[in-house]
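Can you make the complete structure from the sequences, with help from the hints?
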Amino acid sequence: MIVLEGVSKRYENQDALKDVSLRIEKGEMAFVTGPSGAGKTTLFKLLYLAEAPDEGLISIAGFNTASLDDSTIPMLRRNIGVVFQDFKLLNNNTVFDNIALALRIRRVMEREIKEKVTAVLKLVGLRHKADAYPLTLSGGEQQRITIARAIVGEPTVMLADEPTGNLDIENEEGIMKIFKLINNKGTTILIASHNRRLFDNTGRRVFYLDGGQLVKAEVR
Amino acid sequence: MIVLEGVSKRYENQDALKDVSLRIEKGEMAFVTGPSGAGKTTLFKLLYLAEAPDEGLISIAGFNTASLDDSTIPMLRRNIGVVFQDFKLLNNNTVFDNIALALRIRRVMEREIKEKVTAVLKLVGLRHKADAYPLTLSGGEQQRITIARAIVGEPTVMLADEPTGNLDIENEEGIMKIFKLINNKGTTILIASHNRRLFDNTGRRVFYLDGGQLVKAEVR
Amino acid sequence: MFSLRMALNSIFREIWLNVISMLSIGAVLFILFSVVIAVYNVEKLTATLPEKLSVMVFLREDTRRDEARALESAIKSENIVKSVNFISKEKALQDMKGFFKNEKFALSGLGENPLFDTIDVRLKGAGSSAKGVNAFIEKLKGMSAVDDVEYGGALVESVYSLKNGLRVFGLTTGSIFALSVIFICYSTVRVLFYRHEEEIEIYKLLGATKGFIRSPFFIEGSIIGIMGGAIGMCFFLAISRYVFGKLFTEFPLFSMIYVPDRSFYILPVMGFVLGLGGAVIALGRLKY
Amino acid sequence: MFSLRMALNSIFREIWLNVISMLSIGAVLFILFSVVIAVYNVEKLTATLPEKLSVMVFLREDTRRDEARALESAIKSENIVKSVNFISKEKALQDMKGFFKNEKFALSGLGENPLFDTIDVRLKGAGSSAKGVNAFIEKLKGMSAVDDVEYGGALVESVYSLKNGLRVFGLTTGSIFALSVIFICYSTVRVLFYRHEEEIEIYKLLGATKGFIRSPFFIEGSIIGIMGGAIGMCFFLAISRYVFGKLFTEFPLFSMIYVPDRSFYILPVMGFVLGLGGAVIALGRLKY
Ligand SMILES: Nc1ncnc2c1ncn2[C@@H]1O[C@H](COP(=O)(O)OP(=O)(O)OP(=O)(O)O)[C@@H](O)[C@H]1O
Ligand SMILES: Nc1ncnc2c1ncn2[C@@H]1O[C@H](COP(=O)(O)OP(=O)(O)OP(=O)(O)O)[C@@H](O)[C@H]1O
Ligand SMILES: [Mg+2]
Ligand SMILES: [Mg+2]
Chain S
1 MIVLEGVSKR YENQDALKDV SLRIEKGEMA FVTGPSGAGK TTLFKLLYLA
51 EAPDEGLISI AGFNTASLDD STIPMLRRNI GVVFQDFKLL NNNTVFDNIA
101 LALRIRRVME REIKEKVTAV LKLVGLRHKA DAYPLTLSGG EQQRITIARA
151 IVGEPTVMLA DEPTGNLDIE NEEGIMKIFK LINNKGTTIL IASHNRRLFD
201 NTGRRVFYLD GGQLVKAEVR
Chain P
1 MIVLEGVSKR YENQDALKDV SLRIEKGEMA FVTGPSGAGK TTLFKLLYLA
51 EAPDEGLISI AGFNTASLDD STIPMLRRNI GVVFQDFKLL NNNTVFDNIA
101 LALRIRRVME REIKEKVTAV LKLVGLRHKA DAYPLTLSGG EQQRITIARA
151 IVGEPTVMLA DEPTGNLDIE NEEGIMKIFK LINNKGTTIL IASHNRRLFD
201 NTGRRVFYLD GGQLVKAEVR
Chain R
1 MFSLRMALNS IFREIWLNVI SMLSIGAVLF ILFSVVIAVY NVEKLTATLP
51 EKLSVMVFLR EDTRRDEARA LESAIKSENI VKSVNFISKE KALQDMKGFF
101 KNEKFALSGL GENPLFDTID VRLKGAGSSA KGVNAFIEKL KGMSAVDDVE
151 YGGALVESVY SLKNGLRVFG LTTGSIFALS VIFICYSTVR VLFYRHEEEI
201 EIYKLLGATK GFIRSPFFIE GSIIGIMGGA IGMCFFLAIS RYVFGKLFTE
251 FPLFSMIYVP DRSFYILPVM GFVLGLGGAV IALGRLKY
Chain G
1 MFSLRMALNS IFREIWLNVI SMLSIGAVLF ILFSVVIAVY NVEKLTATLP
51 EKLSVMVFLR EDTRRDEARA LESAIKSENI VKSVNFISKE KALQDMKGFF
101 KNEKFALSGL GENPLFDTID VRLKGAGSSA KGVNAFIEKL KGMSAVDDVE
151 YGGALVESVY SLKNGLRVFG LTTGSIFALS VIFICYSTVR VLFYRHEEEI
201 EIYKLLGATK GFIRSPFFIE GSIIGIMGGA IGMCFFLAIS RYVFGKLFTE
251 FPLFSMIYVP DRSFYILPVM GFVLGLGGAV IALGRLKY
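Residue numbers (the working numbering), protein chains in the order written: chain S, 1 to 220; chain P, 1 to 220; chain R, 1 to 288; chain G, 1 to 288.
Errors might be hidden in some of the hints.
Short, incomplete list of chain S residues facing chain R, as computed with Cβ under 10 Å [to be verified]:
1) 48
2) 49
3) 58
4) 68
5) 70
6) 90
7) 101
8) 102
9) 107
10) 110
11) 136
12) 149
13) 176
14) 202
15) 204
Taking lysine-lysine and the DSS-like style, the derived pairs with C-alpha atoms no more than 27 Å apart in a straight line are [stated by the list, open to error]:
16) P/185 - P/114
17) R/44 - G/131
18) R/287 - S/88
If you're looking for bench data, these hints aren't it; they were derived computationally from the structure. Note that this is a predicted model, so its numbers are computed, not measured. Even glycine gets a Cβ: it sits at the ideal position worked out from N, Cα and C.
Right, here's the structure in full:
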């Protein structure tokens with residue numbers, strides 16, 4: 001489902017990724033970890049096409065990212081649900097509209113949108129915040145809205161970047177349960193996190209990045 | 001150093017804080033914890049005067065926050081170093097200028113600024129990022145810049161809101177070491193976090209908030 | 001429907017910013033419209049100027065009446081001529097006596113009629129130039145029955161100069177102002193849209209198509225433009241009713257200012273075009 | 001120093017946005033300046049109009065020369081009068097003969113001089129109104145030596161009407177345009193500053209004093225204004241050199257347009273004032 005072959009990405013004076021190769025199977029749930037600045041977010045940016053690699057090949061959901069034109073990029077992105085590390089919520093829209101946007105982009109009917117958004121809001125425990133604006137939410141609440149937006153469109157691939165950084169243990173467990181549920185339904189999930197609790201003793205594969213290099217891959 | 005007496009804060013349809021009373025001594029390092037949306041950030045906002053309480057008395061660094069005029073508010077704020085949960089970095093300024101701002105506000109000489117900023121950047125391990133812009137930094141790097149900005153002015157009180165949410169264990173330990181160091185030099189520190197690692201087995205006091213109420217205070 | 005909702009949402013969330021921008025587009029369209037009306041009026045005024053030019057053709061004393069008539073129709077057939085009017089020397093004397101009577105002159109002492117037959121030639125305004133008029137006059141002077149030709153001379157030159165100068169001046173000024181105004185409208189929309197950059201980025205990352213991203217902004221730009229134009233129109237109507245209204249009654253001369261019927265309806269249309277155009281340019285080519 | 005650095009940093013970080021805003025302030029100041037120059041020229045032109053008005057006072061046939069001289073000095077002492085010129089009937093005949101000679105008339109047949117002594121009275125332009133002129137004429141008519149007074153009549157009315165109308169018209173239009181332009185400048189700075197709101201919030205939370213927060217923005221506003229004004233000035237100079245320059249040679253009449261010496265230096269100053277003022281209003285009262 002996700003294949004990287006010899007991928008490198010460099011910024012002005014820094015190698016963010018160096019010769020990274022990895023392969024994540026369809027329906028797998030895997031983790032990426034590594035110290036701050038290791039390149040986890042950069043890896044995700046390459047996968048959802050916010051950046052292009054300097055070297056190497058990337059394939060996701062069956063597409064080779066190098067050979068995409070302007071009409072297939074949005075289509076591909078609609079197949080990928082992303083939990084952004086910095087949330088990327090629209091501050092001028094309500095929580096409901098923020099989540100609904102992921103469906104409106106897919107031209108879903110308004111009635112169906114209402115149902116689905118209400119369902120995911122319940123799932124992340126924020127149904128009472130549907131009409132609130134993001135800036136009036138607590139950090140953890142914003143993070144859960146971002147997660148809700150990523151899952152509402154039922155993507156085939158999910159990329160979650162530090163999805164529990166602002167969450168307490170109970171919420172963290174709740175979110176991980178949701179991820180497992182979605183994964184069981186067939187969604188391929190890649191989670192970037194420093195939080196070992198998320199992957200320790202799960203029997204999942206964990207990729208270790210450091211200084212942009214893939215230093216280890218093991219099953220925990 | 002920090003005193004709250006029967007403090008309540010309500011937003012439109014929500015009690016963010018309900019009748020909270022607590023007292024943190026000069027030179028103490030204490031923790032606030034609680035689930036997402038418990039009111040930790042709201043408590044901090046009251047302390048650094050971004051919001052006013054609906055009821056109750058707050059006193060910080062010897063000032064009663066209810067009786068401050070426009071000229072003493074900035075003075076008080078310069079005595080408080082805040083690590084904001086959402087960082088609040090100036091995206092159009094370099095890392096150096098972001099940190100230096102805390103000193104420029106205090107009318108420190110440029111030469112001294114250069115020294116001090118370089119020192120704190122070294123402390124958080126980001127000296128090589130002095131000329132970078134915040135948006136080119138990783139989440140954890142941004143968080144460390146925010147911490148650097150909070151400590152560079154040597155405030156008498158420090159409020160750190162989820163300061164390690166985006167940090168790996170090594171960086172987390174590094175930051176906590178810095179906090180202890182500062183605390184040993186006399187700075188009163190209040191840290192809000194879900195991360196039990198920060199306060200378990202420290203012998204520090206921990207305040208538990210839930211639904212805006214102070215439900216427990218214990219030494220861990 | 002959704003695009004419209006998004007656009008309205010965006011406008012209302014920061015209503016003051018948008019109202020300020022609408023007002024400033026309105027103000028600038030109002031200025032443009034006023035200038036265009038002014039240029040138009042000057043044009044209209046100058047267009048009538050040269051028609052008032054007349055050339056007096058004095059005929060030789062010995063010219064016979066039938067020769068004079070023949071000359072008259074020859075002149076009349078010239079392209080440049082609007083009308084001719086033959087004035088016999090008897091009629092000229094008659095006129096003169098009437099004229100001087102009022103003016104406290106007595107011409108009763110005059111013996112023989114000292115005057116000449118003349119032809120009063122009026123020239124066409126449109127399509128004629130100073131050169132053409134001069135050539136025509138030379139031609140007249142060359143005719144055998146013509147004793148002398150009197151015409152504005154320097155005046156002809158300066159009236160044509162004024163007319164063409166005003167036209168060039170008005171059109172240049174008008175175009176420069178129009179360009180400035182278009183630029184200001186674009187700039188207003190551009191700066192206003194700047195705060196949407198992050199929003200657009202998020203839309204893109206979520207997989208929105210270009211059309212989906214653009215439509216709310218096009219609608220927003222159009223609404224701002226139309227509202228701006230409408231404000232400019234109201235502004236113009238208010239001004240023209242109260243200020244000019246007062247001016248007209250106090251200074252009747254100004255009622256000669258002519259605003260083409262309901263032409264101010266064009267302002268919202270212009271606002272629409274500029275707002276939409278501004279939005280199109282401001283968004284530019286979206287890239288993924 | 002730091003404030004200046006911050007201001008320049010802010011301008012250069014988003015240079016295009018700022019350049020666009022400067023251009024649009026420049027354009028709008030250019031328009032305003034052109035309108036003011038136009039109004040000024042119309043004013044100047046009309047100010048000279050009434051001075052060209054003259055009143056002809058015809059004296060009774062039996063008026064003695066000394067009486068006439070007395071009357072002349074009496075009229076001269078009137079407030080409204082600029083100059084008087086006594087024309088004896090002998091001189092009038094002389095003039096007339098010269099005049100009619102050219103015009104193909106022969107007045108040799110005239111017996112006795114049929115003309116009258118007249119006083120040609122020229123009126124002051126400034127400070128005179130149609131009412132004052134009419135009152136003055138009534139007064140003249142009431143004098144014993146005066147036979148009749150001839151003056152522009154309706155013309156006097158309409159020249160004064162034109163003069164005052166143009167003044168009112170020019171001043172109203174000018175003020176409305178000026179207000180619009182001030183608003184547009186304010187709006188430009190306001191919208192431009194909108195993106196700084198978060199920044200200001202952060203400054204406040206870090207404990208910056210109001211002065212510290214404001215100064216970079218005031219400097220930024222001033223720079224944008226000055227640059228805008230300078231752009232407007234360059235624009236005006238370029239236009240007046242190339243466009244008017246061509247117009248002047250082709251249509252000499254237009255060289256009568258008068259731009260007060262180096263007055264366009266005022267544009268950067270106006271830009272500065274508007275930019276700074278816009279920044280002051282845009283920032284408003286800072287509250288903690
Ligand atoms: N646009 C950019 N320009 C320059 N450098 C960049 C840019 N984006 C990322 N970097 C650098 O690349 C390195 C990797 O960044 P990345 O965001 O991938 O780290 P990360 O593993 O996500 O870290 P964290 O856990 O702190 O979020 C960092 O040192 C960062 O400063
Ligand atoms: N400006 C506001 N308007 C309305 N509600 C608000 C506002 N700020 C906070 N709230 C609400 O008050 C509650 C407490 O928020 P607060 O940010 O203090 O939580 P927190 O303890 O910091 O949570 P987290 O750990 O997720 O950051 C939340 O439910 C939040 O939605
Ligand atoms: Mg990251
Ligand atoms: Mg919080």
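Verification of the hints:
1. 48: Holds: closest Cβ of chain R sits about 7 Å from residue 48 of chain S, inside 10 Å.
2. 49: Hint holds; residue 49 of chain S Cβ to chain R Cβ min 7 Å, cut 10 Å.
3. 58: 15 Å, violated
4. 68: 8 Å, holds
5. 70: 6 Å, holds
6. 90: 6 Å, holds
7. 101: With a minimum Cβ separation of about 6 Å from chain R (threshold 10 Å), the hint on residue 101 of chain S holds.
8. 102: 6 Å, holds
9. 107: Since the shortest Cβ distance to chain R is 9 Å, the answer is holds.
10. 110: 8 Å, holds
11. 136: 14 Å, violated
12. 149: 8 Å, holds
13. 176: With a closest approach of 24 Å, the residue 176 of chain S hint is violated.
14. 202: 28 Å, violated
15. 204: With a minimum Cβ separation of about 26 Å from chain R (threshold 10 Å), the hint on residue 204 of chain S is violated.
16. P/185 - P/114: Status holds; Cα separation ~22 Å.
17. R/44 - G/131: Since the Cα atoms of residue 44 of chain R and residue 131 of chain G sit roughly 32 Å apart, the hinted pair is violated (cutoff 27 Å).
18. R/287 - S/88: Measuring from Cα to Cα gives roughly 19 Å; hence the hint holds.
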